[in-house]
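Trainee: Turn these sequences into a full structure, and let the hints steer you where they fit.
Quick mapping for you: the protein sequence lines, in order, are chains E and B. Here the first sequence is numbered in this note's numbering, starting from 66 and rising by one per residue. Here the second sequence is numbered in this note's numbering, starting from 851 and rising by one per residue.
Hints were generated in silico from the structure; no laboratory data involved. Wrong hints could be hidden among the right ones.
Taking lysine to aspartate or glutamate pairs in the DMTMM-like style, the calculated list, with each CA pair at most 25 Å apart, reads [to be verified]:
(1) B/Lys888 to B/Asp950
(2) B/Lys1024 to E/Glu138
(3) B/Lys1024 to E/Asp160
(4) B/Lys888 to B/Glu946
(5) B/Lys888 to E/Asp160
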Amino acid sequence: MELTTTWYLVLGAIIFAIGASGLMIRRNPLVMFMCVELMLNAVNLTFVAFGRELDDLGGQVSVFFVLVVAAAEVVIGLAIIVAIMRHRSGATADDLSVLRG
Amino acid sequence: MSAAAVLADIDWHVEQQVFFYLIATTQVVAAWRVVTTKNIVHAALYLVVVLAGVAAQFILLGAEFIASTQVLVYIGAVIVLFLFGIMLTQARIGAENDLDQPNRLPAVLTAGLLAILTVSTVIRTFEDVELPDNSRTTTASVSDSIFSDYIIAFEAVSVLLLAALIGAIVVARKD
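Mentor: Structure below.
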């Protein structure tokens, strides 16, 4: 089978769906974060595949920005999780309703 | 004939295909294990496999700068942060049974529907699109692009990183 851009997009779609299922199935906030990373990486893969396809550097630059935003997101998310776990250890995402208005 | 000329003469299509399918299979299996494993540390380590696979796919697509950044930022920093998070929250290191929420069926159905929808749309829309040859991009061209066309976004993102740094310290500080 000839390797086409489609295969990269299909791979990205499959990993994205797996990440989405993990986000819905899991209730440990840390593992949910890992699933978000899975989804971000799937999208990065499609960005680079499209960048190669269209011969455009914008795809790679977008991936660079997504990387930075993902790093910032993980830092903030883990800080929040650590702060919450300090008060109630073993909390799952279902218990975290302290932000409810 | 110089080494570069020899490299340029080789038809890389077969190698690219073989490694694409190998890495893609590994990635999908590892991603599946991230979602299904009962051990939170194992989930983090399977995530390393997926992220390294993505970096390898970037190399296959000729995006060397992004691939090395992926290894540095994701495998080097984000995974270490995750492992620190696991240790700091005193999660149980062994197998755990309450990692999943009780009703999984709707989630699995939704994700399966999402997969079928996206994959079929992608295959229908981009059926016969070939990968163009010889479009390896150098780090120099990427950096030229970041520091000219995308300079405002780059500065904004650096401010965002600073804000995230300060925010994380403020949120996680003991007081």
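Trainee: Compare the structure with each hint and give your call.
Mentor: Quick rundown of the hints versus the structure:
1. Our distance criterion of 25 Å between C-alpha atoms is met by B/Lys888 and B/Asp950, whose separation comes to about 9 Å.
2. Taken as a hint, the B/Lys1024 and E/Glu138 pair is honoured in the structure, with Cα atoms around 21 Å apart against an allowance of 25 Å.
3. For the hint pairing B/Lys1024 with E/Asp160, the CA-to-CA distance comes to about 22 Å; that is within 25 Å, so the pair holds.
4. A C-alpha spacing of about 5 Å is found between B/Lys888 and B/Glu946, which places the hinted pair at or below 25 Å, so the restraint holds.
5. Taken as a hint, the B/Lys888 and E/Asp160 pair is honoured in the structure, with Cα atoms around 20 Å apart against an allowance of 25 Å.
When held up to the earlier numbered hints, the structure conflicts with none and fits them all.
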